[in-house]
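Trainee: Sequence:
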Amino acid sequence: MEFWLGLYGMQSPRVYPRSWAGLYDEVVEHAVYAEELGFDSFWLTEHHFWYDGYCPNLLPVLAAIARRTSRIGLGTGCSLLGLHDPLRDAEDKASLDVLSGGRLLLGLAPGYRPEEFEGLDIEKATRGKRFYEAVEVMKKAWSGDKFSHKGEFFQYEDLTLDPVPLQDPHPPIWVGANRTKLQATNIGKAGLGFWEGPSMSIDVFRRNAGIYKEAARAAGHPESAIKCGLFRDVCIAETKDEALRIMDEDLLPMYEEQYVAYGYVPEATGSRREMLAHPVFQEIMEASFVGTPDQVIRKIERYRDAVHFDHFMPRIMHISQKKERLFKQMKLFAEHVIPYFKGTS
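Residue numbers for the sequence shown follow my numbering, so the first one is 169 and each next one is one higher.
It should be emphasised that the hints constitute simulated quantities derived from the structure, not laboratory data. Beta carbons are placed, not taken as given, at the ideal position from N, Cα and C, and that holds for glycine. Where hints are given, some of them may not hold.
Said to hold, decoys possible - 27 Å max Cα-Cα, derived BS3-like pairs, lysine-lysine:
(1) Lys297 / Lys381
(2) Lys349 / Lys395
(3) Lys510 / Lys467
(4) Lys408 / Lys381
(5) Lys349 / Lys292
(6) Lys408 / Lys490
(7) Lys314 / Lys381
Said to hold, decoys possible - Simulated DEER-style distance windows between Cβ atoms:
(8) Pro447 / Ala231: 38 to 46 Å
(9) Pro507 / Arg413: 21 to 29 Å
(10) Tyr324 / Glu382: 31 to 39 Å
(11) Asp371 / Arg182: 32 to 40 Å
(12) Lys491 / Asp462: 23 to 31 Å
I would like the entire structure built from these sequences, with the hints used as guidance.
Mentor: Structure follows, in structure tokens:
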């Protein structure tokens, strides 16, 4: 099993305001430490026009990480392709793959926040079709051959892209999945990797992974192209009580602030306990992996027994968390959880 560390958005939230210069310096330091600990890859995440400075451009940061590391994979999780020009995106990502020695991993998504589509003057209702056409354009561009494309959203005539990615035919592509059956079907039809989000229940993961695999096989994709990954919030400590304290002090304040801001839950009018009783927060707490290394291992195994997957992303970094606590959790996960699965997978 591969272990991806993420997702880093370099945010300065109200619960823990920071300087963005400091955040960008720290994320490089975190990536260097993740490589030392043995994580397979390190992932950043993109959004636009948000109050906390959520990282709008992943590639310069990944380029900085590439110059300070030598082995660890560099992931975009997710790069919002539904908001990008796919030809320019293909050029930029090919350049980063060359610069990093072939270490780029592409997590892609159509995007979903209305303010992003409005700000960039893109019709949100077309994001699904636009996204899959953009993937097609990027693959054509990365072939190294002269290509043309006449689609609903993009048109190009007799173009050749150089340099192409160092990885042949291109970096691995994963799509961040929501909870819908349609999204799982579309990812499978396209033959891309299926990456389940942090708050879906084990039953939704099992259902959607099955739909994805069935669609991929029906479309004629080889078994080697059918890949499942799981992304979960993790609070890990030497005791369960300490892990619960981390969840209470770091994970839940992040969700309280962001989920109210996103409009997923109403602004709190009562106690914190009343707010956490909301079904969205109940799903988050059930889906999160909180406990000792052994308890985290057991929960990963429970999910893997339900849905075979070979890639697990622990989100140990929460935006309200101090560096010392983060590094302690990273070390605990790397010393206990990773060796267990590297030895049994």
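Trainee: Now look at each hint and say whether the structure bears it out.
Mentor: We went through each hint and held it up to the structure:
1. Lys297 / Lys381: holds (21 Å)
2. Lys349 / Lys395: Roughly 17 Å separates the two Cα atoms, so the pair holds.
3. Lys510 / Lys467: Between Lys510 and Lys467 the Cα gap is close to 16 Å, so the pair holds against 27 Å.
4. Lys408 / Lys381: violated (36 Å)
5. Lys349 / Lys292: holds (19 Å)
6. Lys408 / Lys490: Holds, at roughly 19 Å.
7. Lys314 / Lys381: violated (33 Å)
8. Pro447 / Ala231: 38 to 46 Å: holds (41 Å)
9. Pro507 / Arg413: 21 to 29 Å: holds (26 Å)
10. Tyr324 / Glu382: 31 to 39 Å: holds (33 Å)
11. Asp371 / Arg182: 32 to 40 Å: Once the Cβ atoms are compared, 34 Å apart, the range 32 to 40 Å for Arg182 and Asp371 holds.
12. Lys491 / Asp462: 23 to 31 Å: Holds: the Cβ-Cβ distance is about 26 Å, inside 23 to 31 Å.
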